[in-house]
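K.L.:
Sequence:
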Amino acid sequence: MKRRTLLRGGPAVFAAGTLGLPGWLAPVFAQPAPSIADWNKAGFDAKTAADAIRHLGSGTPASSRDILIEIQDVIENGARARIEVTSRIPGTQALSIVSDRNPYPLAATFSFTNGADPYVSTLIKVAESGTLRVIVNAEGRLYIATRDVKTTIGGCG
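The sequence shown finishes on residue 233 if you use our numbering, and the numbering steps up by one all the way, no holes.
Because the hints were derived from the structure by calculation, they are not lab data.
You may find that some hints are simply not true.
Stated by the list, open to error - Here are the computed distance ranges between Cβ atoms for each label pair:
1) G216 <-> D149: 31 to 39 angstroms
2) N190 <-> K123: 29 to 37 angstroms
3) T228 <-> S134: 36 to 44 angstroms
4) A192 <-> F120: 19 to 27 angstroms
5) D193 <-> K123: 29 to 37 angstroms
Unchecked claim - Pairs of lysine to any residue, SDA-like flavour, derived with a Cα cap of 25 angstroms:
6) K117 <-> I200
7) K117 <-> T228
8) K117 <-> K226
9) K123 <-> R164
10) K117 <-> F188
11) K123 <-> D193
12) K117 <-> D127
13) K226 <-> S134
14) K117 <-> A170
15) K226 <-> R158
16) K117 <-> S134
17) K117 <-> F186
18) K123 <-> D224
19) K226 <-> W115
20) K201 <-> E215
Positions of the beta carbon are idealized from the N, C-alpha and C atoms, including for glycine.
The whole structure should be built from the sequences, with the hints applied where relevant.
P.N.:
Spelled out as structure tokens, the structure:
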């Protein structure tokens with residue numbers, strides 16, 4: 077057994093013992109951690125929004141009104157901007173947030189499985205006034221919604 081495999085399963089064995097469960101149930105609670113190879117390194121390293129979007133999937137995203145973006149029109153602190161996104165597109169598998177004027181435009185990517193509600197509430201950086209784009213991957217097709225935001229002088233831009 078490899079050391080990392082043992083360490084990954086260790087907390088589950090401890091949790092099973094703490095809960096009074098037999099040790100053989102520990103593998104039921106031990107879920108494999110996502111592989112570092114599963115993340116979109118090229119997308120997060122992209123320096124332009126167009127490159128980041130290109131690394132999210134194939135094809136040009138179609139505009140959609142079924143992606144709802146909630147964010148302030150004027151952001152006072154661009155280092156911590158609250159954004160809420162909901163996708164009403166059936167079969168949504170992933171949702172990504174791209175801030176055009178950031179040094180690294182791809183701010184976040186979230187995956188949804190097993191019928192999870194495609195809703196996200198998070199904090200992102202909005203370095204300068206510009207366009208926020210939300211890209212949704214649903215059943216192999218890309219959809220996009222945009223929102224213009226302004227960052228004030230008290231913020232990052």
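K.L.:
For a quick check of understanding: which of the numbered hints are violated here, in increasing order?
P.N.:
7, 8, 9, 11, 13, 19 and 20
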